[in-house]
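**Q** These are the residues of each chain, in order.
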Amino acid sequence: GAVVSQHPSRVICKSGTSVKIECRSLDFQATTMFWYRQFPKQSLMLMATSNEGSKATYEQGVEKDKFLINHASLTLSTLTVTSAHPEDSSFYICSARDDFGSGTRLTVV
Amino acid sequence: GENVEQHPSTLSVQEGDSAVIKCTYSDSASNYFPWYKQELGKRPQLIIDIRSNVGEKKDQRIAVTLNKTAKHFSLHITETQPEDSAVYFCAASIYTGTASKLTFGTGTRLQVTL
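Top to bottom, those sequences are chains U and P.
Oh and the first sequence: position 77 is 535 in our numbering, straight run, nothing missing.
Oh and the second sequence: position 31 is 24 in our numbering, straight run, nothing missing.
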């Protein structure tokens, strides 16, 4: 089946800094990837759809300038949390072809 | 947009008993319904899925049923084992052939006790 790799698995950053998360499809080309956010003991909420070669499609309520998505190749999508604040602390997880990456636990201090 | 509701939020069963988790969806255009198992701190893992042209699908101890008319689908786990303990999520989407924008249910925490 599809294999999706995500890095880093954990990151702690200072408030006001930016963090980049990478999502790679390892054995297939993904023209579309999805980014989700999951708070503790809650469900996965779709943030945006990452489209190779074009702009991402953001869900209602998700700030596109806050969560920058770049899908420059058929195997890589990146999510950058800009000017992170403690309320951005969460578990971020990508998916492609219904398989998920291992997730990134972001803690902003 | 799609709205998926899932019940119960927590479920405790004894080892060997069956567990049933139910979900409803709102968008009649949805045609793909996967179920995921998520252990603490780990990625969701696809355990079974069903498409709208099928009413039931079974894989060993796991089965899923779909009622398109009523817009609900259910996960059935038989002969539960302690390693079945996890959070289970249902989801619904309109499958395009290559990618699915999933709307998830709120999750069910299953605890299998000895």
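Some hints could be false.
Which residues of chain P face chain U? A few of them, derived with a C-beta cut under 10 Å, are [as the list claims (entries may be wrong)]:
(1) P1
(2) L4
(3) G9
(4) S11
(5) A12
(6) R36
(7) D42
(8) A92
(9) S93
(10) T96
Short derived list, chain P residues pointing at chain U, Cβ under 8 Å [claimed, not checked]:
(11) P37
(12) L39
(13) K94
(14) F97
(15) T99
Only pairs whose alpha carbons sit at most 25 Å apart, straight line, appear in this in silico DSS-like list of lysine-lysine [claimed, not checked]:
(16) K472/U to K524/U
(17) K51/P to K30/P
(18) K94/P to K524/U
(19) K64/P to K50/P
(20) K51/P to K64/P
(21) K478/U to K522/U
(22) K524/U to K478/U
(23) K50/P to K15/P
(24) K35/P to K478/U
(25) K30/P to K499/U
(26) K61/P to K35/P
(27) K15/P to K499/U
(28) K522/U to K30/P
(29) K30/P to K61/P
(30) K61/P to K50/P
(31) K15/P to K513/U
(32) K15/P to K35/P
(33) K499/U to K51/P
(34) K30/P to K64/P
(35) K50/P to K94/P
(36) K522/U to K472/U
(37) K15/P to K64/P
(38) K15/P to K30/P
(39) K51/P to K478/U
(40) K94/P to K499/U
Source of the hints: derived by calculation from the structure; they are not laboratory data.
Since the structure is predicted, the reported quantities are computational estimates derived from the model, not experimental observations.
Glycine is no exception: its CB is placed at the ideal position from the N, C-alpha and C atoms.
**Q** The structure should be examined with respect to each hint, and the outcome stated for every one.
**A** How the hints compare with the structure:
With a cut of 10 Å, the hint placing P1/P at the interface with chain U is violated, because the nearest CB-to-CB distance is about 14 Å. This hint is violated: L4/P has a C-beta 15 Å from the nearest C-beta of chain U, more than the 10 Å allowed. Annotation: interface hint on G9/P violated; nearest CB of chain U at approximately 27 Å, more than 10 Å. This hint is violated: S11/P has a C-beta 24 Å from the nearest C-beta of chain U, more than the 10 Å allowed.
A distance limit of 10 Å between C-beta atoms decides the matter here; for A12/P the minimum to chain U is near 19 Å, and the interface restraint is violated. Hint status for R36/P: holds, given a least beta-carbon distance of 4 Å to chain U, under 10 Å. Hint status for D42/P relative to chain U: holds, with the closest Cβ pair at about 8 Å, below 10 Å. With a cut of 10 Å, the hint placing A92/P at the interface with chain U holds, because the nearest CB-to-CB distance is about 4 Å.
With a cut of 10 Å, the hint placing S93/P at the interface with chain U holds, because the nearest CB-to-CB distance is about 6 Å. With its C-beta approaching chain U no nearer than about 7 Å, T96/P sits inside the 10 Å limit, and its interface hint holds. Because the smallest distance between the Cβ of P37/P and any Cβ of chain U comes to about 5 Å, under 8 Å, the interface hint for this residue holds. Among the interface hints, the one on L39/P holds; its C-beta lies about 6 Å from the nearest C-beta in chain U, closer than the 8 Å criterion.
At its closest, the beta carbon of K94/P sits 6 Å from a beta carbon of chain U; the interface hint therefore holds under the 8 Å criterion. Because the smallest distance between the Cβ of F97/P and any Cβ of chain U comes to about 5 Å, under 8 Å, the interface hint for this residue holds. Given the 8 Å rule on beta carbons, the hint for T99/P holds: about 5 Å separates it from the nearest Cβ of chain U. Straight-line distance between C-alpha atoms of K472/U and K524/U comes to about 16 Å, which keeps the hinted pair within the 25 Å bound.
Distance restraint check for K51/P and K30/P: the Cα-Cα separation of roughly 16 Å lies within the 25 Å cut-off, and the hinted pair is therefore satisfied. A threshold of 25 Å between alpha carbons decides the hint, and for K94/P with K524/U the separation of about 21 Å falls inside it, so the pair holds. For the hint linking K64/P to K50/P, the alpha-carbon distance of about 16 Å falls within 25 Å, and the restraint holds. For the suggested pair K51/P and K64/P, the alpha carbons sit about 19 Å apart, so the restraint of at most 25 Å is met.
Only pairs whose Cα atoms come within 25 Å are accepted, and K478/U paired with K522/U is accepted, the gap being roughly 14 Å. Between K524/U and K478/U the alpha-carbon distance is near 12 Å, which keeps this suggested pair within the 25 Å criterion. Restraint check for K50/P and K15/P: satisfied, since their Cα atoms lie roughly 15 Å apart, inside the 25 Å limit. Restraint check for K35/P and K478/U: the C-alpha separation of about 20 Å stays at or below 25 Å, so the hint holds.
The hinted pair formed by K30/P and K499/U meets the criterion: a straight-line CA distance of about 13 Å does not exceed 25 Å. The suggested pairing of K61/P with K35/P is violated, with an alpha-carbon distance near 31 Å, which exceeds 25 Å. With a CA separation close to 19 Å, the supplied pair K15/P and K499/U stays within the 25 Å bound. For the proposed pair K522/U and K30/P, the alpha carbon gap of about 30 Å is over 25 Å, so the pair is violated.
For a cut-off of 25 Å, the pair hint linking K30/P to K61/P stands: about 23 Å separates their Cα positions. Straight-line distance between C-alpha atoms of K61/P and K50/P comes to about 14 Å, which keeps the hinted pair within the 25 Å bound. A C-alpha spacing of about 36 Å is found between K15/P and K513/U, which places the hinted pair above 25 Å, so the restraint is violated. Restraint check for K15/P and K35/P: satisfied, since their Cα atoms lie roughly 23 Å apart, inside the 25 Å limit.
Restraint check for K499/U and K51/P: not satisfied, since their Cα atoms lie roughly 28 Å apart, outside the 25 Å limit. A distance of roughly 22 Å separates the Cα atoms of K30/P and K64/P; the hinted pair therefore holds under the 25 Å criterion. Restraint check for K50/P and K94/P: satisfied, since their Cα atoms lie roughly 22 Å apart, inside the 25 Å limit. Distance hint between K522/U and K472/U is fulfilled; the C-alpha atoms sit about 21 Å from each other, no more than 25 Å.
For the proposed pair K15/P and K64/P, the alpha carbon gap of about 11 Å is at most 25 Å, so the pair holds. With a C-alpha separation of about 14 Å, the suggested pair K15/P and K30/P falls inside the 25 Å cut-off, and the hint holds. Of the supplied pair hints, the one linking K51/P and K478/U is violated, its CA atoms being roughly 40 Å apart against a limit of 25 Å. At most 25 Å may separate the alpha-carbon atoms for a hinted pair to count; K94/P and K499/U meet this at roughly 21 Å.
The structure shown violates the earlier hints numbered 1, 2, 3, 4, 5, 26, 28, 31, 33, 39.
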